[in-house]
Amino acid sequence: MDLALVIQTAFNGLANGALYAVIASGFVLVYRATSVVNFAIAEFMLIGAYLTYTMSLFFPLLLALLLALPPAFIFGLLVERGFVRPLLGRNVVAVVMATIGLAAALDGATLLLWGPDQKAMGAADVFQLPKEMPNLAFSLGGVFLSSKAVWSLVLALPLALLLVVALKYSRYGVLLRAVSESETAALAMGINAPRVVAVAWGLSAVMATIGGAFLAGAAGGGGPGHHLILLGLIVFPVAILGGFDSVPGAVVAGLFIGLIEAFSQLYLESLLPGITQAIPFLIVLLVLLFRPYGLFGQHRIERV
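With the first letter of the sequence shown counted as 1, position 251 gets the number 251 in full-length UniProt numbering; the numbers rise by one all the way through.
You can take every hint at face value.
With a straight-line Cα cutoff of 25 Å, these simulated DMTMM-like cross-link-like pairs (lysine to aspartate or glutamate) come out:
| hint | residue 1 | residue 2 |
| --- | --- | --- |
| 1 | Lys168 | Asp245 |
| 2 | Lys168 | Glu181 |
| 3 | Lys168 | Glu183 |
Keep in mind the hints are simulated off the structure, nothing from the lab.
Hey, can you work out the whole structure from these sequences and the hints?
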């Protein structure tokens, strides 16, 4: 067994897992705030990646990603204010179908605005500025890490961990926990619950933008396209595995799924073609058979 190859595969798996963790953390954040499963999370990724692409036509790619975050946050606020808030309190099936409809509408909107073709990040060079993100790729002891993998590890993973710490110790984290426990009680205590919920949707869009931009190839080749919707489906097994109401669980599950995918690609794909895409869902199925609330989710007992 080539030890260098194993280490390289592990790092690459953790890099992809960090991106899954970032996106799933935003997904879980929305669920904690509103108990709404956002089936449009893949489209959030897609729109965030296209916003980054648009900004990259005029600015260096790293700056373009940073400049795409405020519009993404506003987009999340608008979705919550105009679409989600009027549905709160309705039948859960109606809310689920509405979010699926939202996904279809956003998918169509991206087709109209940016077209069906995959784009290349930084395709134009309006101000003659360097378009690529700084190349952080390196090789050490036979282990090669691509620039995309390094960027994911140094940016996405700390961001996911920062969200975990912020939710545990910051004032907003306390307010979010209060709202998630009981919005009525939170309102009675003077907490502006609608604002807390709106910020959760905005942050979810920001996290999806970062994950979507990197999965689209912002740090190494490629660009946004509708293939991101298929990649976005991985958010659901990650969130289910970690626990729908646990942001730390989403981080751990994202890293775990990333590792499983990487080693499956290395050792199993040649024997069982397609297993890499299927194995996260198979793992979740097995976990749900024995722990329906995920590895870190709260076991809530509802009496009827």
